[in-house]
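Protein chains: 2
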Amino acid sequence: MIPPETHLQIGSLLFEGLDQIDLTGPFEVLSRIPNATYRIYGPNAAPVRDVRGLRITPDATLAEAPRLDVLHIPGGQGQEALMRDAAVLGWIRSQAAGASHVFSVCTGALLLGAAGLLVGRRATTYWNAVHLLPWFGAEAVDARVVIDRAEDGRTWLFAAGVTAGIDGALRLAAELRGDDAARAIQLGMQYAPEPPFDSGTPRSAPPAIVAQVRAATAGLTARREATARAIAAELGIPAP
Amino acid sequence: MIPPETHLQIGSLLFEGLDQIDLTGPFEVLSRIPNATYRIYGPNAAPVRDVRGLRITPDATLAEAPRLDVLHIPGGQGQEALMRDAAVLGWIRSQAAGASHVFSVCTGALLLGAAGLLVGRRATTYWNAVHLLPWFGAEAVDARVVIDRAEDGRTWLFAAGVTAGIDGALRLAAELRGDDAARAIQLGMQYAPEPPFDSGTPRSAPPAIVAQVRAATAGLTARREATARAIAAELGIPAP
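So the protein lines, in turn, are chains A and B. Using numbering that gives the first Met the number 0, you'd call the opening residue of the first sequence number 0 and step up by one each time. Using numbering that gives the first Met the number 0, you'd call the opening residue of the second sequence number 0 and step up by one each time.
In short, the hints are calculated from the structure, not lab data. Since the structure is predicted, the reported quantities are computational estimates derived from the model, not experimental observations. Don't take each hint at face value.
Computed Cβ-Cβ distance ranges for the label pairs, DEER-style [to be verified]:
#1 B:R148 - A:R213: 34 to 40 Å
#2 A:A86 - B:D141: 47 to 53 Å
#3 A:A221 - B:D179: 24 to 30 Å
#4 A:G16 - B:D151: 37 to 43 Å
#5 A:A45 - B:A96: 35 to 41 Å
#6 B:A214 - A:A215: 46 to 52 Å
#7 B:D141 - A:A221: 44 to 50 Å
#8 B:R222 - A:R213: 47 to 53 Å
#9 B:A221 - A:T220: 48 to 54 Å
Reference listing, derived: stretches of chain A covered by chain B, where coverage requires no fewer than 3 residues with Cβ under 8 Å from a Cβ of chain B [stated by the list, open to error]:
#10 16 to 29
#11 47 to 55
#12 169 to 177
To be clear about the criterion: a stretch of chain B counts as covered by chain A if any three or more of its residues have a C-beta under 8 Å from a C-beta of chain A, and this derived list gives those stretches [claimed, not checked]:
#13 21 to 32
#14 153 to 166
#15 179 to 189
Positions of the beta carbon are idealized from the N, C-alpha and C atoms, including for glycine.
Just chain A, same shape as in the assembly (with noise of 0.2 Å):
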């Protein structure tokens, strides 16, 4: 927990092309924390479109970020052309080095990894792309959330696919303000949750379900895993 009276500056990425819920899930938990400044930053001030088309406008560019107590970088089909941005994987690292606590939703973890951050962490993120963490250097690891403490100080929180987000920012709420400041936050958007299926990991669905997601996103999960094995020669990482 970080002392009350400390003012936070909570700050997300935006993108092109992620899944709009990386980010808009966090975003309910984040824009109520107390004593915090939250804004979104995009590559410029344009509005961007999700995976599906939603029309998000950043608060402001990247340039204009301050540096960043809490950085929260969404996932979704898009990151996969940010993974040689040298601008945003850069925008990422200057302030991951800055932040006490750094939170990736999804295959924002990939992100992460691309930007060489990942190495020794314990991590997860999306259930389609959990295999390719190990040639980040992370371990990769089965859990809706996992929140890795690191030696010098920094809390790194990795919310598994898409929805784990909510979960995922209300843990980081309670690591910032404490447990009461989070069920506060908790109560106010009624997240008591009841899934109508119990489908939601590749585990509870049925096999048939599996195989058709797995199927339909074939081609990214292809595209994703050779850029994995590009990106791990070129920092140096041994293969897993």
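Starting from the known structure of chain A, arrange chain B on it as the hints suggest.
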């Protein structure tokens, strides 16, 4: 379930001061319904700000909307400013008349009430507003999602507060395209929630937290109550 070959027009209402996840939670599901066009309609083409500042741009204006099969009405504090907005209420009334499915999230249900559409319905809304439903002629049901099948063949779905929209949208997806379609969407969004605290409803949250959240929104609740009473009188609905 609607015949799979029938193309669906699905639309969400966007308005200033909505609670963004009332929209973006369902967005994650509705934008992935097979054989459907999903669009977000705003009073005009300009971006709106959610209650915490997220800027979202509508796809089209209310006037440009076709007859919708599925009408989604989010809520949030900004709902109160629309409770006497003849243009928006007229649009809701007209679209609801042509739709097969009407789906509200959170205090979006109060907008349906102001449009005179809740008389005789079983409904729910945000936990801090559920006592207002009888003023609009509805039976308040204490459930996360309420499905009310009307005699005229229309299906009404009411999600409780904020994040309940995700559960409601998955129920809606199953109504429209069958359980397996909803299961595939659920797996795609890795929706296997693990809230870190049991604080998502006023029954489960610590009493001090409930009192704190109630106090923080007492002014808004009082305004909503006054509006509900006045609209009940105008609509000729007997006081509960």
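Checked hints:
Range check, R148 of chain B to R213 of chain A: about 35 Å between beta-carbon atoms, so the 34 to 40 Å window is met. Separation of A86 of chain A from D141 of chain B is about 51 Å and conforms to the stated range, judged on CB atoms against 47 to 53 Å. As the Cβ distance of A221 of chain A to D179 of chain B is approximately 25 Å, the hint placing it in 24 to 30 Å holds. Checked against the given bound of 37 to 43 Å, the beta carbons of G16 of chain A and D151 of chain B, roughly 41 Å apart, stay inside it.
Separated by about 38 Å at the C-beta atoms, A45 of chain A and A96 of chain B satisfy the suggested range of 35 to 41 Å. Separated by about 47 Å at the C-beta atoms, A214 of chain B and A215 of chain A satisfy the suggested range of 46 to 52 Å. A hinted range of 44 to 50 Å holds for the C-beta pair D141 of chain B and A221 of chain A, which are about 48 Å apart. At about 50 Å, the CB distance of R222 of chain B to R213 of chain A agrees with the hint of 47 to 53 Å.
For A221 of chain B and T220 of chain A, the hinted distance range of 48 to 54 Å is satisfied, since their beta carbons lie about 52 Å from each other. Under the rule that three or more residues need a Cβ within less than 8 Å of chain B, the assignment of the region 16 to 29 of chain A holds, with 7 such residues. With a cut-off of 8 Å between beta carbons, the region 47 to 55 of chain A has 5 residues touching chain B; three or more are needed, and the interface restraint holds. Using a Cβ-Cβ cut-off of 8 Å, 3 residues of the region 169 to 177 of chain A lie near chain B, which meets the minimum of three, so the contact claim holds.
Using a Cβ-Cβ cut-off of 8 Å, 6 residues of the region 21 to 32 of chain B lie near chain A, which meets the minimum of three, so the contact claim holds. Coverage of a stretch by a chain is defined here by at least three residues with a beta carbon nearer than 8 Å to that chain's beta carbons; for the region 153 to 166 of chain B and chain A the count is 7, and the condition holds. With 9 residues having a beta carbon nearer than 8 Å to a beta carbon of chain A, the region 179 to 189 of chain B meets the requirement of three or more and the stated coverage holds.
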